[in-house]
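Numbering of the sequence shown is given in the working numbering, commencing with residue 1172 and proceeding in unit increments.
Hints are computed from structural coordinates only; laboratory data are not their basis. Every residue, glycine too, gets a C-beta built ideally from N, C-alpha and C. Don't take every hint at face value.
Label pairs and their computed distance ranges (CB to CB) [said to hold, decoys possible]:
| id | residue 1 | residue 2 | range |
| --- | --- | --- | --- |
| 1 | 1266 | 1301 | 19 to 25 angstroms |
| 2 | 1386 | 1301 | 23 to 29 angstroms |
| 3 | 1264 | 1296 | 21 to 27 angstroms |
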Amino acid sequence: MKKLNNRSKCAILMALLGSIFMCSILTGCGTSGLLVETVGDDETTEVYGADGDEPAESESGTSGTSTTIEATSEMVFGEISDASATDSTNMVTVYVCGAVVNEGVYELPEGSRVSDALKLAGGYDDNSLHGYVNLAKKVEDGERIYFPDYQELEELGLVPMTGDGSSSGGDSSSGQEGASSNISSNSKVNINTADAETLKTLPGIGDTKAADIIAYREQHGAFTSITDIQCVSGIGESTYNRISSLITVD
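Hey, can you work out the whole structure from these sequences and the hints?
Here it is in structure tokens:
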């Protein structure tokens, strides 16, 4: 009976010690663990330390997510902004031809000047007539920009342009008007007797060609036919076709 009592006491003692041990373990785990709380709809995450200190910042918390979202938004909207800026620049297409280095079709931003188109075409060539085309003029979509050469100045009766793009040189203009009046009255210019001023009333005949005509007839004698005027330097078929109905040798 005595042995039974001792065994019972031992069993009770062991059970008591086991309970104390388990409580210690559970209590230790509770104090050394981490408590995670989620508060409200904002999904704010707070992490408590083992000693119940203030919440520690979560490395994977909302602030990190917000930073990522903001950065992503900036990149996306930045790309959209850049694309919009590019699309907002309208382009115009022009054809640059004549006495330029590289004749061709070119695209320029809307609001560009003729000077910009000339640069794209490589600039004037060696025979280009400088100052005739108004380089300050704004280009228009589909525009043909022609740069004449020096020979065309006289052959086509061209006159230099003023700053506003209009023709200058009242004498040349008056000369062309005089030629028109001669046509209407059926009067013709006698290329054997006309002086320089009279010859310049013919379209495409300027100071140089008028002097050449006079020099030619002084050296070779009178013209026997109006076609002989093509023997004068600088007077080709195109010029002759324009003045043939306006000249005579009689």
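Hint-by-hint comparison with the structure:
{"no.": "1", "hint": "1266 - 1301: 19 to 25 angstroms", "result": "holds, 20 angstroms"}
{"no.": "2", "hint": "1386 - 1301: 23 to 29 angstroms", "result": "holds, 27 angstroms"}
{"no.": "3", "hint": "1264 - 1296: 21 to 27 angstroms", "result": "holds, 22 angstroms"}
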